[in-house]
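Asks: Next come the chains, spelled out residue by residue.
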Amino acid sequence: MDMSFSPEQEAFRAEVRSWLREALPPELAIKAEHDAAFSHEEVMTWHQILAAKGWVAPHWPKEHGGPGWDATQRYIFSQELELMGTPQLSPFGLAMVGPLIMQFGSAEQQQRFLPKILSGEEVWCQGYSEPGAGSDLASLTTRADKQADGDYLLTGQKTWTTYAQYADWIFVLARTNQDVKQQAGISFFLVDMKTPGITVKPFLTTGGTPAFCETWFDAVRVPKENLIGQENMGWTYAKALLGHERTLVAGVGISARTLLRAKRLAAEIQVNGAPLLEDPAFRAKLAKTEIKLEALRVTVLRALASAQLGHAPGAESSILKLRGTELQQESIDLLMEVIGHDGLSWFNAEGVVPPRAESAPSIFNYVRAATIYAGSNEIQKNIIAKLILGLPSA
Amino acid sequence: MDMSFSPEQEAFRAEVRSWLREALPPELAIKAEHDAAFSHEEVMTWHQILAAKGWVAPHWPKEHGGPGWDATQRYIFSQELELMGTPQLSPFGLAMVGPLIMQFGSAEQQQRFLPKILSGEEVWCQGYSEPGAGSDLASLTTRADKQADGDYLLTGQKTWTTYAQYADWIFVLARTNQDVKQQAGISFFLVDMKTPGITVKPFLTTGGTPAFCETWFDAVRVPKENLIGQENMGWTYAKALLGHERTLVAGVGISARTLLRAKRLAAEIQVNGAPLLEDPAFRAKLAKTEIKLEALRVTVLRALASAQLGHAPGAESSILKLRGTELQQESIDLLMEVIGHDGLSWFNAEGVVPPRAESAPSIFNYVRAATIYAGSNEIQKNIIAKLILGLPSA
Amino acid sequence: MDFELSDDQRLLVRTVADFCKKESPVTRLRQLRETELGWEPRTLAQMGELGWLGVMFPEEYGGLGGSFTDTALILEQLGMTLVPEPYLASIVLGGLAVRFAAAPERAAELLPPLLAGEEVWALAYAEAQGRGAPSDIETRATQRGDGYRLTGEKRWVLAGHGASRLIVSARTAGDPRDASGVSLFLVDPKAPGVTVTRVDCMDGHKAAMVSLADAPGELLGEAGAAAPILTRVLDYGAAAACAEGSGIMQAVLAMTRDYLCDRAQFGVKIGTFQALQHRAVDLFVETELAKSSAIAAMIAADDERPEERMRAVSAAKCQLTLSGGFVVRQGTQLHGGIGVTDEHDIGLYFKRMHSLVTLFGDETFHTQRFASLPSFTAHL
Amino acid sequence: MDFELSDDQRLLVRTVADFCKKESPVTRLRQLRETELGWEPRTLAQMGELGWLGVMFPEEYGGLGGSFTDTALILEQLGMTLVPEPYLASIVLGGLAVRFAAAPERAAELLPPLLAGEEVWALAYAEAQGRGAPSDIETRATQRGDGYRLTGEKRWVLAGHGASRLIVSARTAGDPRDASGVSLFLVDPKAPGVTVTRVDCMDGHKAAMVSLADAPGELLGEAGAAAPILTRVLDYGAAAACAEGSGIMQAVLAMTRDYLCDRAQFGVKIGTFQALQHRAVDLFVETELAKSSAIAAMIAADDERPEERMRAVSAAKCQLTLSGGFVVRQGTQLHGGIGVTDEHDIGLYFKRMHSLVTLFGDETFHTQRFASLPSFTAHL
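Protein chains in written order, with numbering that gives the first Met the number 0: chain A, 0 to 393; chain B, 0 to 393; chain C, 0 to 379; chain D, 0 to 379.
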């Protein structure tokens, strides 16, 4: 066992670091330095810069335009991004529908969609949840009715369609068979957002930003070419997708960045005539969260190392979402404690609070979603109890 | 609303305090000062001293030999006992079967049993749990078969019969009707431990002391006079008993005493050349537990004040067992952290560790039982969810 | 020892609860957070008429001569529906600062219109450094003729954007963090040298950043002696936060319980799931414990013995952080997706709880203060 | 980066696991805790023959030239069935103290019988004050002729009651807590002036209180330079505790899971109750996290850079306290009444976990050390 990096790996790190310093545009670099929130346009700017370099999809195989890195290189790359605070790319194309199309899509679908996901020409969003189907996703009622010509008419309402207002395409789970139970009758579709009959209405989260949308489908025609794989097999595909890059979902980088920000601010903020960071009790509090985050980081490394050897995700990978999202919340809670009354600020003009503190209150609220979305943590626990611990069902 | 004490109440406090100083025998006072463990004989010595003074059963009505105190006086009395660290009396007679006999027993039963509970002449224990009936107490299988002469023959096995080896009497839940379901066929008996057919076998807890016993009943004859109330109504009586002095179960005094002990030891123990108590991070940790304990203490006061006005136990009283037992564990955990390597000690000779530290390791282990016995905390939550929050059943 | 409300208090609670339910449900905060002021003057006046604002002030100041407990009982109810009027900021902080700092005759002149709900005041005590510690300020006041001129920067002055009077702390002597030398001044926000910049708060309330450049101020009471007064006023603020927070927890518990009884997934009400039931019980336990410590703090807030007061207030403020933080977080979690939409009320409770937890000393501050009191090491 | 075991390591783990299962189930600890010694010399000799004791020591000392990871993998397995032989006390503490403190030629003389399992050593570093900090000692050694004489009181010397050699820290210069001036000595427990008093430990192990009154000692290595060596050895001890603790957690998780699948109440297996299922998942999560940080610590323990070593070891020791404490507590709770009887094994795991959490720096110590390392404030 070994946790060190080889000289080649260290050279790779140096290459990444120096390229990042060059490549990140100055206006983004300032925002990154302050951990400011990036706009959709800024995120896409950064997407395109990475794409031009060939580094936008570290985990894609080379034949589809990935850089051909191994797990350790991908880890080093992600660490360097974290240290710079670069914008986080939208996962819906790169991490979700892209790998799914690679695994289950036809050659035509792969040629049609993958290049534009890579380039950022086409932005994707996800159509899974419905108002009545959240944790119980399999109870979804959006229907795709097959027409005489083989195309489908899509009707229903999706919610939590993150950034649908910016999306060119949406991937949708819809029911193609009403007669079978739950999971069995669901298919997986790729839908052009410009198709007539689609209505998108952004709504505010508690973070005060329109990150999510309601999306209605009113007899939206989906060409048969846009069905993934076989009809009624959509649930299987969607489940396989959950296995992709599970390690990303831990968000160790996000939490580490938040902790770093908390420390930086705590070093500036004066309490009793000394920096807050020097308060022994508070410092111990920060340290404890960092220690927990380190344990998670090693757990991610274990999962990556195992994946690199081609093993199936082990028991350790199942806890990443659970603990990762808890630590995202714990670290932002600490950051809010650090900034004290400046954490009262809500979308005020620049300069009202220190730049590094500006985005914290919005994230503090929004990150409550992390333990709810992508399978709530309660659902994760049900799954682990059953599949890993083998506890009996009621 | 008012949390202060009247001059009369303060005078009462002074009277209690000065009497306690006089009355506690010197050899017990030294143990109390060091929070040492008291033997059964020492506990009974103290019982008899309190009984002679008329203060052994503060919560008993005057006609049965209680001192006639109101809730505030009882609270003051318990605070003073806590501050002195006096032995804790066995609850089975005074707090459990005594009040039950008062409420549901016949006049003859009251005359026969109550005086000797008060005087300490007869020591009681409890026969509820069975190996297969723990949380699910109503599934108990000990049977009491009615004989032609109206007496009962008791057969079965009870476990967790605390200090049965010292007991003169045991109160037992047993099934008198095999044909009805669960709670419906259970009766409540008073059983003389000297009756032939009773076998008592103490067993060690993880605390290393024989606090509990297995108790077997092999066709033990119980005279019909020793049935409480009506046949098959035992479950109702036992449940009503749970309402008695629920406030005691919080154990605020125990936890407060443990915290005080932790602070006293932390003031003596030198780390980095200064008392551990001066370490800001550790001090904050102690303070946080004390703050939680204060919240519980006020909750107890609310329950007592409400009881004094004759109100039924309010919502606040249901949390006392839950949080009280958690804090008993949290405070002993802190104490163990304070004593550091001396906490490794296991029944060594006197003087190996400081006197105040001696009993800590045993209690540290034993107190794990607190969240399990008297209705495990999980059972408590089930009850609160249903009865107080009105959440639906599956 | 008595935890029963008096008949008057019971009536008061019922009246306020009725008002909140009928006239100020959470939708009012939702509407008013979009306005510049953030509250309605006529509602404040109505509260004044009902006697709610002056309830704890002596009669000679236009009050009802009650106790802080009366005020806390009102705040608990207002917390339940997040009533946006600046009771805590204007009455508890502003009003009590003047009551305790000003000479009695001056207080008697100043307070009646405040307590009638005709004015709003704001207490400007916090600066960039020091976490709101009364003595850790850099704003200075220098005597000029028979008045004072103030220079400095005050931050997060609650309700300061809509206040007709500012009560401002400034040093007339000493260095930052010296115990003495802090004074309180009455400052007209429209006076030359005063710049009031409105800022929006997460909880939908508003506040002001106040910049003072040689701004005129009227000294309240004795020069240099205001630090203990401010500490006392901020303790009232902390106790008020605990009371309001207790109301919030009760509301969140109730709405979470209702959601669990209402929402179905997997073909059953989610309230049948034992893991969620036990979580709901945890919410209940924390709500009751925080209520207990809030009661202790509201009673102790009027205690003339600083140690008694500080012990109960610090304990309650810590408990608020522990319990309140848990209740709004887990209340949100139990609501699932709907709980993180701005549309649902629980997010507003979450936000307000954060203000209450943060203001008037956070967990670290109050834990350390609690641990530094002589009572913490009594009986050793 | 590589978390895979080598083929040799895999074989080693399998062999040790087999041994634990077949030859040293928990009943062995149960029997041996009633004896004076607490372990079996022939089992220790067997371990020596199998090469388990010397696995991380250089070949010239009679070892196998492996890494600490090999040792940690053995300890993890020994933890699973609470094997009572004093591997941690004698080999990790005693053996490594001599390896790093003694001159190489002396170490080469001393170590072979230890690593063969023919001897048991004990490290006497802790005193009443200082929580085991290497420099915070009052025991003194003074030079007399060509030897040293030691005077002082050493506490909780693990395995000290059965050791043929004591390695004792004492001051040859300086005052308590001075960084330099600490030296290590080899002391014969049978020498005049040495009193060894056996004491029983909660976890069923035994230790000794060692009283030194002008007792002869042989200086190991350089006088006054032992504090950093002791720190390093105690870090190995802490990493060893994490490895053993990881084994304990895995065992507790497994037995708890089995109990949930087996025990019926209310007519069903209690493992069907969702609240208990989720608790079991919490146990699983904590077990995996602690395993991760234990792996990081076992790898970093051999790191020649003190900062890298201390960061990983302190993180793992804190995580052990958090996770290990949780797992044995909740594992006990999930066992219900049976879990608090001495008869059930889980209580023995509970007890041993407490020793591991307490020894070689507790949570407070390691949190503070972690927070004081330069890495904690890197990139600010």
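Derived by calculation from the structure, the hints in this document are not laboratory data. Since we're looking at a predicted model, the values are computed, not measured. Any given hint could turn out to be false.
[What the hints assert, rightly or not] The list that follows gives simulated cross-link-like pairs (lysine-lysine, DSBU-like), each with its CA atoms no further than 35 Å apart: (1) K238/B / K284/A; (2) K223/B / K238/B; (3) K268/D / K238/B; (4) K180/A / K223/B.
Asks: Check each numbered hint from earlier against the structure, then list the numbers of those it violates in ascending order.
Replies: Structure breaks hints 1 and 4.
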